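Student: Read in order, the letters of the sequence shown correspond to residues 1 to 560 in this note's numbering.
By construction, these hints were calculated from the structure, which means they are not laboratory data.
Among these hints, one or two may not hold up.
[Said to hold, decoys possible] In silico PhoX-like pairs for lysine-lysine, Cα to Cα no more than 20 Å straight-line:
(1) K179 <-> K191
(2) K314 <-> K156
(3) K222 <-> K375
(4) K189 <-> K179
(5) K156 <-> K222
(6) K191 <-> K461
(7) K375 <-> K189
(8) K156 <-> K262
(9) K285 <-> K298
(10) K285 <-> K314
(11) K222 <-> K157
(12) K262 <-> K298
(13) K157 <-> K311
(14) K375 <-> K157
(15) K262 <-> K314
(16) K375 <-> K193
(17) K179 <-> K193
(18) K262 <-> K311
From a predicted model like this one, the values you see are computed outputs, not experimental measurements.
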Amino acid sequence: SGSFCALCFPFPFAVSERVLHQQLKRAMSNVNLSRMFRGKFRTNTCRIVLLTSLVWLLIDVILIVNYADCPSSGGGSSWLCKRSTEYDVESPRAAQQQKQQRHAVAPEDDDPIVGMEEIDTDSNNLGDPGGNGGGGGGGGGFDNSMPRTYRPQELKKWRVAPTVGENYGRPGEMGKPVKIPSSQQELMKEKFKENQFNLLASDMIWLNRSLTDVRHHDCKKKHYPAKLPTTSIVIVFHNEAWSTLLRTIWSVINRSPRPLLKEIILVDDASEREHLGRQLEDYVKTLPVSTIVLRTVKRSGLIRARLLGAKHVKGQVITFLDAHCECTEGWLEPLLARIVLDRKTVVCPIIDVISDETFEYVTASDQTWGGFNWKLNFRWYRVPAREMQRRNHDRTAPLRTPTMAGGLFSIDRDYFYEIGSYDEGMDIWGGENLEMSFRVWMCGGTLEIAPCSRVGHVFRKSTPYSFPGGTSQIVNKNNARLAEVWLDGWSEFYYNINPGFTYRYRFYLLRAEFRLFSAPLKHILSSMLEFYVAFVTFVVLFLFLFLTAHTLIPVFAWKV
Numbered sequence: 001s002g003s004f005c006a007l008c009f010p011f012p013f014a015v016s017e018r019v020l021h022q023q024l025k026r027a028m029s030n031v032n033l034s035r036m037f038r039g040k041f042r043t044n045t046c047r048i049v050l051l052t053s054l055v056w057l058l059i060d061v062i063l064i065v066n067y068a069d070c071p072s073s074g075g076g077s078s079w080l081c082k083r084s085t086e087y088d089v090e091s092p093r094a095a096q097q098q099k100q101q102r103h104a105v106a107p108e109d110d111d112p113i114v115g116m117e118e119i120d121t122d123s124n125n126l127g128d129p130g131g132n133g134g135g136g137g138g139g140g141g142f143d144n145s146m147p148r149t150y151r152p153q154e155l156k157k158w159r160v161a162p163t164v165g166e167n168y169g170r171p172g173e174m175g176k177p178v179k180i181p182s183s184q185q186e187l188m189k190e191k192f193k194e195n196q197f198n199l200l201a202s203d204m205i206w207l208n209r210s211l212t213d214v215r216h217h218d219c220k221k222k223h224y225p226a227k228l229p230t231t232s233i234v235i236v237f238h239n240e241a242w243s244t245l246l247r248t249i250w251s252v253i254n255r256s257p258r259p260l261l262k263e264i265i266l267v268d269d270a271s272e273r274e275h276l277g278r279q280l281e282d283y284v285k286t287l288p289v290s291t292i293v294l295r296t297v298k299r300s301g302l303i304r305a306r307l308l309g310a311k312h313v314k315g316q317v318i319t320f321l322d323a324h325c326e327c328t329e330g331w332l333e334p335l336l337a338r339i340v341l342d343r344k345t346v347v348c349p350i351i352d353v354i355s356d357e358t359f360e361y362v363t364a365s366d367q368t369w370g371g372f373n374w375k376l377n378f379r380w381y382r383v384p385a386r387e388m389q390r391r392n393h394d395r396t397a398p399l400r401t402p403t404m405a406g407g408l409f410s411i412d413r414d415y416f417y418e419i420g421s422y423d424e425g426m427d428i429w430g431g432e433n434l435e436m437s438f439r440v441w442m443c444g445g446t447l448e449i450a451p452c453s454r455v456g457h458v459f460r461k462s463t464p465y466s467f468p469g470g471t472s473q474i475v476n477k478n479n480a481r482l483a484e485v486w487l488d489g490w491s492e493f494y495y496n497i498n499p500g501f502t503y504r505y506r507f508y509l510l511r512a513e514f515r516l517f518s519a520p521l522k523h524i525l526s527s528m529l530e531f532y533v534a535f536v537t538f539v540v541l542f543l544f545l546f547l548t549a550h551t552l553i554p555v556f557a558w559k560v
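Could you build the full structure based on these sequences and the hints that come with them?
Tutor: Below is the structure:
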């Protein structure tokens with residue numbers, strides 16, 4: 001073997017052994033390098049997988065936004081926007097109604113009132129079972145003998161209320177914020193706890209304070225029927241501050257056409273503060289409008305207190321307001337003008353914001369409408385393009401809304417009781433706004449927002465009141481009742497999202513003659529329902545791609 005090695009290699013055998021050892025060492029280093037390369041490759045692969053997943057997540061978010069939302073202005077380029085336009089084919093009666101309203105406007109006349117002879121109210125009688133009730137949710141399963149319009153003798157002539165002039169030098173005039181001196185900051189914080197708003201600032205503001213005209217400029221050119229129904233204002237309060245309650249009352253009196261203001265009904269829900277007792281009763285006797293104070297024996301809550309006030313209403317229309325509002329110029333006429341055309345139309349104003357800290361009047365967007373999530377919480381959503389198209393992109397035209405906030409709205413008195421009024425089984429507060437919204441849509445009515453009617457409201461960050469059993473327990477109970485009575489099979493969505501709350505109701509007989517939940521709302525809430533379908537679809541797609549990438553790519557990398 002030695003001679004063989006000597007012939008094969010030009011070096012001695014000992015040298016060849018050393019060379020072989022070096023080659024073996026070099027081979028081992030190559031193996032380590034390969035392993036290191038593979039480790040780096042796996043690390044880079046994981047980075048690529050994660051980066052790819054993030055890219056897919058971003059794509060999913062973009063697609064969900066594009067599919068689920070329609071721009072409030074413009075054509076609406078998403079698939080859902082294009083599909084949803086199929087649902088808004090108006091009935092000939094609704095088109096005729098809008099045409100009559102357009103002809104009723106006299107552009108060359110500065111008087112915002114038109115004669116009743118210019119509006120054929122008989123043609124607005126949409127009481128036939130198959131009609132659409134003012135282009136909304138009427139007919140189709142809920143028929144009754146209630147006329148859609150008023151008799152001429154039930155209506156009143158009116159004139160525009162004079163503008164409240166600015167009182168120069170007073171805090172908060174023209175809706176400006178109130179500044180509290182540094183020396184009174186501690187007092188301000190102490191008073192804030194009483195009502196969860198700046199009571200010191202509120203007390204500094206004049207009860208008849210002036211406000212800027214925040215309406216859209218085209219609203220000032222609007223013309224309304226010369227005769228409108230009268231309304232009774234119902235205001236429920238519990239331990240309300242003196243200044244906010246009276247400012248609400250005076251804003252109603254000062255900015256409402258006096259012939260249309262039948263009365264103001266104040267419902268005291270077992271208040272404990274001294275100024276809301278005899279002092280309030282003596283004060284309302286001095287008001288220029290008939291005002292009465294009703295009192296509950298014990299704490300009843302907003303729902304039952306409103307029902308108490310509604311029982312004493314004498315006007316044709318009930319207008320519910322909260323106790324810390326300020327009505328602006330021309331707020332009432334747009335509400336009553338919609339109801340005079342169709343008594344089954346329920347109308348809400350745009351709710352502006354009065355700051356709880358400075359009492360500054362801040363205008364809200366007219367590009368939102370009411371909706372809800374599957375926890376049955378009310379939410380504001382952007383108006384979809386299909387509704388803007390239905391209104392011909394006229395920002396002053398009435399806006400059909402799926403639900404309402406519930407604090408401020410006008411409803412015909414007879415229609416209020418025809419649909420069952422509020423559910424007396426609901427306690428205190430919470431859920432009544434959605435419940436009333438569903439009643440309206442499913443009982444032959446239409447729910448609208450009048451953009452030319454604006455009312456300010458003090459929005460508090462937390463409630464100053466305590467409820468027996470706790471706020472969340474009461475709201476959950478009311479929402480469960482709402483789900484069982486009105487949502488048909490859709491109630492399972494509520495219980496799936498609220499698994500810890502299993503208290504259920506079975507009161508289907510309450511709405512035996514009303515239509516199913518899916519019938520009137522499938523068009524109104526189509527974009528919302530399709531949002532959830534699109535969302536679930538893309539979540540499933542994303543999970544599939546994510547799991548596939550994390551399973552197959554590392555296996556492939558390992559084999560390589």
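Student: Take the hints in turn and mark each one as holding or not.
Tutor: Going through the hints against the structure:
1. K179 <-> K191: 15 Å, holds
2. K314 <-> K156: Distance of about 14 Å is within 20 Å: holds.
3. K222 <-> K375: 39 Å, violated
4. K189 <-> K179: 13 Å, holds
5. K156 <-> K222: 19 Å, holds
6. K191 <-> K461: 15 Å, holds
7. K375 <-> K189: 34 Å, violated
8. K156 <-> K262: 11 Å, holds
9. K285 <-> K298: 25 Å, violated
10. K285 <-> K314: 18 Å, holds
11. K222 <-> K157: Within the cut-off at roughly 17 Å; holds.
12. K262 <-> K298: 28 Å, violated
13. K157 <-> K311: 26 Å, violated
14. K375 <-> K157: This hinted pair is violated, its Cα atoms lying about 45 Å apart.
15. K262 <-> K314: Measuring from Cα to Cα gives roughly 7 Å; hence the hint holds.
16. K375 <-> K193: It is violated: about 29 Å lies between the C-alpha atoms, which goes past 20 Å.
17. K179 <-> K193: Holds, at roughly 18 Å.
18. K262 <-> K311: Holds, because 15 Å separates the two Cα atoms, which is no more than 20 Å.
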